[in-house]
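There are 2 protein chains.
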Amino acid sequence: MFAGCPFKILEKPKFVYDGKWLKMREVRFRKCDSSQEQVWESVHRRRVPQSKPDAVVVFATLHRDGKKYFILIKQYRIPMSGMCLEFPAGLIEEGETIEAAGLRELKEETGYTATKILSCTKGKQSLSPDLADESISIMMVEVDGDAPENKNLKQDLDDGEIIEVVLVECEKLLSYIEFICTEVYVDSMVYTFALGMNYAQHFR
Amino acid sequence: MFAGCPFKILEKPKFVYDGKWLKMREVRFRKCDSSQEQVWESVHRRRVPQSKPDAVVVFATLHRDGKKYFILIKQYRIPMSGMCLEFPAGLIEEGETIEAAGLRELKEETGYTATKILSCTKGKQSLSPDLADESISIMMVEVDGDAPENKNLKQDLDDGEIIEVVLVECEKLLSYIEFICTEVYVDSMVYTFALGMNYAQHFR
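Respectively, the protein sequence lines represent chains A and B. Quick note: the first sequence uses full-length UniProt numbering, first residue 1, plus one each step. Quick note: the second sequence uses full-length UniProt numbering, first residue 1, plus one each step.
The shape of chain A in the complex, shown without the other chains (with noise of 0.2 Å):
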């Protein structure tokens, strides 16, 4: 821990709340060259695979009837007391590679399966790295709507998800997530992706 770290770490990091999911850490740091103390707090998940990223964010357009959609999720997100849309995304089990809990994470929250896995990111990517350590990798599928398997959809959801799927035409995500952006919370990777595809097609 804290291997490369520019700070002074000025003592051991306290764990200061041990809560069922979550904890909270407190660090005490100071500049090399300064003497004034500071103190960095973040959040840290309880039970997570050290080796991997915490989670798979699954991005997947779905082909049907020559026309093709990302498949996005909108859901109430107790956190921030509103609705969010994001990508289907979920945590990596104990033991289950990152592309099968994608596959998995897909399948449970949107009845939908996959296809064909065009990429899966390397590494860990920070999601809000000034609060916490969360980390994830991001995979991207390809779905067959006119497949057998992609027609009579039935999600897996527990206990704490309520999720409803939103398909938006690829051409069309930018111009859709600012028509709602004022009233639901757009996910910034959702918000993102589709500012770079904006980018691509016009400030090149």
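No lab work stands behind these hints, which were simulated from the structure alone. The reader is advised that the hints may include incorrect statements.
With a straight-line Cα cutoff of 25 Å, these simulated SDA-like cross-link-like pairs (lysine to any residue) come out [what the hints assert, rightly or not]:
{"hint": "1", "chain 1": "B", "residue 1": "LYS14", "chain 2": "A", "residue 2": "LYS8"}
{"hint": "2", "chain 1": "B", "residue 1": "LYS23", "chain 2": "A", "residue 2": "SER81"}
{"hint": "3", "chain 1": "A", "residue 1": "LYS8", "chain 2": "B", "residue 2": "GLN155"}
{"hint": "4", "chain 1": "B", "residue 1": "LYS67", "chain 2": "B", "residue 2": "GLU161"}
{"hint": "5", "chain 1": "A", "residue 1": "LYS12", "chain 2": "B", "residue 2": "GLU161"}
{"hint": "6", "chain 1": "B", "residue 1": "LYS74", "chain 2": "A", "residue 2": "PHE7"}
{"hint": "7", "chain 1": "A", "residue 1": "LYS20", "chain 2": "B", "residue 2": "PHE15"}
{"hint": "8", "chain 1": "B", "residue 1": "LYS154", "chain 2": "A", "residue 2": "PHE7"}
{"hint": "9", "chain 1": "B", "residue 1": "LYS52", "chain 2": "A", "residue 2": "TYR76"}
{"hint": "10", "chain 1": "A", "residue 1": "LYS12", "chain 2": "B", "residue 2": "PHE203"}
{"hint": "11", "chain 1": "A", "residue 1": "LYS107", "chain 2": "B", "residue 2": "PHE203"}
{"hint": "12", "chain 1": "B", "residue 1": "LYS23", "chain 2": "A", "residue 2": "GLY19"}
{"hint": "13", "chain 1": "A", "residue 1": "LYS122", "chain 2": "B", "residue 2": "SER81"}
{"hint": "14", "chain 1": "A", "residue 1": "LYS172", "chain 2": "B", "residue 2": "CYS120"}
{"hint": "15", "chain 1": "B", "residue 1": "LYS74", "chain 2": "A", "residue 2": "SER34"}
{"hint": "16", "chain 1": "B", "residue 1": "LYS12", "chain 2": "A", "residue 2": "GLU108"}
To be clear about the criterion: a stretch of chain A counts as covered by chain B if any three or more of its residues have a C-beta under 8 Å from a C-beta of chain B, and this derived list gives those stretches [what the hints assert, rightly or not]:
{"hint": "17", "segment": "6-17"}
{"hint": "18", "segment": "30-38"}
{"hint": "19", "segment": "80-91"}
{"hint": "20", "segment": "126-133"}
{"hint": "21", "segment": "149-155"}
{"hint": "22", "segment": "191-197"}
Note that beta-carbon positions come from the ideal geometry of N, C-alpha and C, so glycine has one too.
Starting from the known structure of chain A, fit chain B onto it as the hints suggest.
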């Protein structure tokens, strides 16, 4: 709080930890058709304006000598215990507009002065909605690297910050990220933006 919530909230939410910067909240709830009680823990900043997003994230392109670069930052993040590659970003101060905060943070963290604001998202975008109520706005700006104010750059960092500015040629963003993603934590927004660009270029 909890307007439109599809879950049954079982008691008044409790703040179970109250730190210097962060609070931890515990909400007891159940699905309306289930008797199983659940608890959702989440983290909340103590000092942020309620009406605006907590923070602004700045997607900046630098134009210099006929080339285009993304302005990224690399910094050691104590919550992650490691180096992160991120977009410049920071908290919005009381009474400050989102745009003013974005321009200020870009200048403080990188030294660059933006020449043009291209866009700024409305509403609030969630960052990690199963863990926190943190929210952001995303601002896209251009920086004229040949302008006099962008010649002798000077960062203005606070005592918790040590920041290295990283310029990446726009066209090479994804390949750069794929090269370093097992060595540093590439922030999910940086990775997602690159994947969005790549998607628009190759998968449409």
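So, going through the hints one by one against the coordinates:
{"no.": "1", "hint": "B:LYS14 x A:LYS8", "in the structure": "35 Å, violated"}
{"no.": "2", "hint": "B:LYS23 x A:SER81", "in the structure": "15 Å, holds"}
{"no.": "3", "hint": "A:LYS8 x B:GLN155", "in the structure": "21 Å, holds"}
{"no.": "4", "hint": "B:LYS67 x B:GLU161", "in the structure": "29 Å, violated"}
{"no.": "5", "hint": "A:LYS12 x B:GLU161", "in the structure": "20 Å, holds"}
{"no.": "6", "hint": "B:LYS74 x A:PHE7", "in the structure": "15 Å, holds"}
{"no.": "7", "hint": "A:LYS20 x B:PHE15", "in the structure": "14 Å, holds"}
{"no.": "8", "hint": "B:LYS154 x A:PHE7", "in the structure": "21 Å, holds"}
{"no.": "9", "hint": "B:LYS52 x A:TYR76", "in the structure": "20 Å, holds"}
{"no.": "10", "hint": "A:LYS12 x B:PHE203", "in the structure": "49 Å, violated"}
{"no.": "11", "hint": "A:LYS107 x B:PHE203", "in the structure": "23 Å, holds"}
{"no.": "12", "hint": "B:LYS23 x A:GLY19", "in the structure": "12 Å, holds"}
{"no.": "13", "hint": "A:LYS122 x B:SER81", "in the structure": "18 Å, holds"}
{"no.": "14", "hint": "A:LYS172 x B:CYS120", "in the structure": "18 Å, holds"}
{"no.": "15", "hint": "B:LYS74 x A:SER34", "in the structure": "21 Å, holds"}
{"no.": "16", "hint": "B:LYS12 x A:GLU108", "in the structure": "31 Å, violated"}
{"no.": "17", "hint": "6-17", "in the structure": "holds (count 4)"}
{"no.": "18", "hint": "30-38", "in the structure": "holds (count 5)"}
{"no.": "19", "hint": "80-91", "in the structure": "holds (count 6)"}
{"no.": "20", "hint": "126-133", "in the structure": "holds (count 8)"}
{"no.": "21", "hint": "149-155", "in the structure": "violated (count 0)"}
{"no.": "22", "hint": "191-197", "in the structure": "holds (count 7)"}
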